[in-house]
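Enquirer: Listed below, chain by chain, are the residues.
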Amino acid sequence: MARFTGKKAKETPELNMGSMSDIIFMLLFFFMVITTMRESTLFVKITPPQGTEVSKLEKKSLVSYINIGVPTPQFQATYGKEPCIQLNDQIAEVSDIATFVELERSARSEADRPLLTMAIKADQDAKMGMISDIKQELRATGAFRIFYNARKGKE
Amino acid sequence: MAKRKTPGLNTSSMSDISFLLLTFFLMTSSINTDMGIARRLPPPVPENTEIPDVRERNIFVVMINSKDKVLFNGEVGDVSLLKDRAKEFLGNPNDDPNLPEKENVVIDGLKKHYPNGYPVSKGVISLRNDRGTSYDIYFRVQNELAAAINEMRNELSNAEFSKGYADITEQQREAIDAAIPIAISEAEPTKIGGNN
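Residue numbers (the numbering used here), protein chains in the order written: chain A, 1 to 155; chain B, 1 to 196.
One or more hints might be untrue.
[What the hints assert, rightly or not] With a cut-off of at most 25 Å between alpha-carbon atoms, the simulated DMTMM-like pairs for lysine to aspartate or glutamate come out as follows:
#1 A:Lys152 x B:Glu103
#2 B:Lys112 x B:Glu174
#3 A:Lys135 x B:Asp177
#4 A:Lys56 x B:Asp108
#5 B:Lys3 x B:Asp16
#6 A:Lys60 x B:Asp34
#7 B:Lys111 x B:Glu160
#8 A:Lys152 x B:Asp108
#9 A:Lys135 x A:Glu58
#10 B:Lys87 x B:Glu103
#11 A:Lys45 x A:Glu11
#12 A:Lys56 x B:Glu174
#13 A:Lys59 x B:Asp68
#14 A:Lys56 x B:Glu50
#15 B:Lys102 x B:Asp136
#16 B:Lys122 x A:Glu104
#17 B:Lys122 x B:Asp177
#18 B:Lys122 x B:Glu75
#19 B:Lys67 x A:Asp133
#20 A:Lys152 x B:Asp68
#21 B:Lys5 x A:Asp89
#22 A:Lys60 x A:Glu104
#23 A:Lys81 x B:Asp68
#24 A:Lys60 x A:Glu137
#25 B:Lys163 x B:Asp108
[Claimed, not checked] Derived list of chain B stretches under chain A, where covered just means 3 residues or more per stretch with a C-beta under 8 Å from a C-beta of chain A:
#26 10-22
#27 37-43
#28 128-136
#29 141-155
These are calculated hints, taken from the structure and not from any lab test.
Every residue, glycine too, gets a C-beta built ideally from N, C-alpha and C.
Just need the whole structure built from these sequences, with the hints factored in.
Expert: Set out below in structure tokens:
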């Protein structure tokens, strides 16, 4: 047996870490490429009004947007030049708000439903007539939490 | 000259460097957040409800017409004046008989300095606009009213807890919110300035 015991003790070979960074970068790029921000393309042009007292919109998952503005030039042929409402991916009417709220509610869990906030993202030139109509619809459907989108700015 | 073998670079710390970079950008980057003013709509009023009597001294009427002119308490004024007027109205520091009444309400968080209750103003800001009012001016009015309330809350918070409204605990904030409520009432818009 002497010829076995006499053998030099084996050292564990060191791992080559050189390609570790390549693997990590590859992972990073992979996730960078496949992630898309869930955001619908806007058909309407919105310049929110400016305000000084604005606060951050908390809990983005509990927010649904109501966009109000004049359609952008490439959509003016389809939707006209009057301010209109965009809900998710389509132009809608004031009367569609109730269905929209119901849809948005059913997409949330039971516990989150009362916390659903409707963010009114309106152009500064939009008229209050339309916005009041929307607010009345929201009141009727029981969506009481609203949020007026704005830009932070000086007076 | 003998050919020398170039020693291999130790790249094991490369991953550390890339992780460091990744974490740095993870921490510093923020997806653009939405800013704005949060408000609560009142629940719908059932039909045939009696309109509660509110004394005239308790109402501060702000009207905006379709030409975006702002009228508050009977005078046409600039939006920039609105904040101070609203503060004067809601605060009523000298107990002026023409400004709103106050009702002592015992608030748990404010018992230290107000054991008999904090004088909560009964004042209501009534905001009326036309269908032709632009959203811009409406928002600026809302902004000024929010500024008035925020300033008053901040002052009370500084006096009570020696900290700004933004830095106090949730419980303290509830106490302040109860002492200075957001008393803005919105009327149905008029239709004088045309439709939409």
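Enquirer: Can you tell me if the stretch 10-22 of chain B counts as covered by chain A, using C-beta to C-beta distances under 8 Å and a minimum of three residues?
Expert: holds (count 8)
Enquirer: Would the hint linking A:Lys152 and B:Asp68 be met if the CA-CA limit is 25 Å?
Expert: holds (21 Å)
Enquirer: Does the alpha-carbon distance linking A:Lys56 and B:Asp108 stay inside the 25 Å limit?
Expert: Between A:Lys56 and B:Asp108 the Cα gap is close to 28 Å, so the pair fails against 25 Å, i.e. violated.
Enquirer: Under the criterion that the straight-line Cα-Cα distance not exceed 25 Å, is the pair A:Lys45, A:Glu11 satisfied?
Expert: violated (68 Å)
Enquirer: Is it true that the CA of B:Lys163 sits at most 25 Å from the CA of B:Asp108?
Expert: holds (18 Å)
Enquirer: With the threshold set at 25 Å, check whether the alpha-carbon distance from B:Lys112 to B:Glu174 stays at or below it.
Expert: Since the Cα atoms of B:Lys112 and B:Glu174 sit roughly 15 Å apart, the hinted pair holds (cutoff 25 Å).
Enquirer: Under the criterion that the straight-line Cα-Cα distance not exceed 25 Å, is the pair A:Lys56, B:Glu174 satisfied?
Expert: holds (19 Å)
Enquirer: Keeping to a limit of 25 Å between CA atoms, is the pair of A:Lys59 and B:Asp68 held or broken?
Expert: violated (34 Å)
Enquirer: Given the hint that B:Lys111 pairs with B:Glu160, does the C-alpha gap stay at or below 25 Å?
Expert: It holds: about 10 Å lies between the C-alpha atoms, which stays within 25 Å.
Enquirer: Taking 25 Å as the top limit, are the C-alpha atoms of A:Lys152 and B:Asp108 close enough?
Expert: Cα-Cα ~34 Å, so violated.
Enquirer: Compare the distance between the alpha carbons of B:Lys122 and B:Asp177 with 25 Å, and conclude whether the hinted pair is satisfied.
Expert: Cα-Cα ~14 Å, so holds.
Enquirer: Given the hinted pair B:Lys67 and A:Asp133, is their alpha-carbon gap at most 25 Å?
Expert: Judged against 25 Å, a Cα distance of about 20 Å means the pair holds.
Taken one by one, the earlier hints fail for this structure at numbers 1, 4, 5, 8, 11, 13, 14, 15, 16 and 21, listed in ascending order.
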